[in-house]
Amino acid sequence: KAGVTQTPRYLIKTRGQQVTLSCSPISGHRSVSWYQQTPGQGLQFLFEYFSETQRNKGNFPGRFSGRQFSNSRSEMNVSTLELGDSALYLCASSLPSRDEQYFGPGTRLTVT
Amino acid sequence: SQKIEQNSEALNIQEGKTATLTCNYTNYSPAYLQWYRQDPGRGPVFLLLIRENEKEKRKERLKVTFDTTLKQSLFHITASQPADSATYLCALVQTGANNLFFGTGTRLTVIP
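Residue numbers (the working numbering), protein chains in the order written: chain A, 2 to 113; chain B, 143 to 254.
Mixed in with the good hints there might be a few duds.
30 Å max Cα-Cα, derived DSS-like pairs, lysine-lysine [what the hints assert, rightly or not]:
1) B:Lys213 - A:Lys58
2) B:Lys213 - B:Lys145
3) B:Lys159 - A:Lys58
4) B:Lys159 - B:Lys201
5) B:Lys205 - B:Lys159
6) B:Lys205 - B:Lys145
Simulated coverage check for chain B against chain A, where a stretch passes if three residues somewhere in it have a Cβ under 8 Å from a Cβ of chain A [unchecked claim]:
7) 180-193
8) 215-224
9) 231-242
Think of the hints as simulated: they come from the structure by calculation, not from any bench.
No residue lacks a Cβ here, since even glycine has one placed at the ideal position from N, Cα and C.
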């Protein structure tokens, strides 16, 4: 079974721009969560989607948004990029009845 | 404030010895706690899950304990091998929620 895939793997953007990251969960997984990982803050939860609905949200500004499609694929969007948004963005999927999350390889975003 | 602290940022251990990693939490009411392994440039990989009403879980060379009175989890790798070198993250899920709150991580190096 294919794992969680994320595209693109690497991205360089300029301050003020916006970016969209994509995540395809493992087949059959309907829950998708997004996390930001930085050296200073570690792994922090952004939001979780289940059946196209945002089920949970972390403490990030409104510039960070996401959505989920009917095939469970998910996208996250960051508008008006800031230097501090440079991070590894990780997507994880899980089954509703299981507790462990399966992470993708991440998208490395660099904001210059 | 809420905190999840892992005992040390880095831990070096001789091959064959038992590595013990500590995870302490403050102001959380975890339903369960998980341990993940992360290699450089990759997403975390799920290792073990332990629920609040469980004291100990084992999987091959791995053992995790959970003490809700001490608000602490211990993660043990017995007969450690150089291939066990990685960053280990503890994460907890609060009752009624699904998102993971991650600890700061411990970078383990097993010396041949």
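Inset, instruction - Mind checking the alpha carbons of B:Lys205 and B:Lys159 for me, to see if they're no more than 30 Å apart? - result: Holds, at roughly 14 Å.
Legend entry - Straight-line alpha-carbon gap B:Lys159 to A:Lys58, limit 30 Å: Violated: B:Lys159 and A:Lys58 sit about 41 Å apart, past 30 Å.
Inset, instruction - Verify the coverage statement for the segment 215-224 of chain B against chain A, using a C-beta to C-beta distance below 8 Å and requiring 3 or more qualifying residues. - result: violated (count 0)
Inset, instruction - Please count how many residues of the segment 231-242 of chain B have a CB within 8 Å of a CB from chain A and say whether that reaches 3. - result: Holds, because 7 residues of the segment 231-242 of chain B bring their Cβ atoms closer than 8 Å to Cβ atoms of chain A.
Legend entry - chain A over the segment 180-193 of chain B, status - at least 3 residues with CB closer than 8 Å: Satisfied; 7 residues make the cut.
Legend entry - Distance restraint between B:Lys159 and B:Lys201, which requires alpha-carbon spacing of 30 Å or less: holds, 17 Å
Inset, instruction - Would you mind confirming whether the straight-line C-alpha gap from B:Lys213 to B:Lys145 stays at or under 30 Å? - result: Roughly 11 Å separates the two Cα atoms, so the pair holds.
Inset, instruction - Could you grab the alpha-carbon distance between B:Lys213 and A:Lys58 and see if it respects the 30 Å cut-off? - result: Holds, at about 25 Å.
Inset, instruction - Measure nothing beyond the straight line between the CA atoms of B:Lys205 and B:Lys145; if it is 30 Å or shorter, mark the hint as holding. - result: holds, 23 Å
Comparing the model with each numbered hint stated earlier shows that hints 3 and 8 do not hold.
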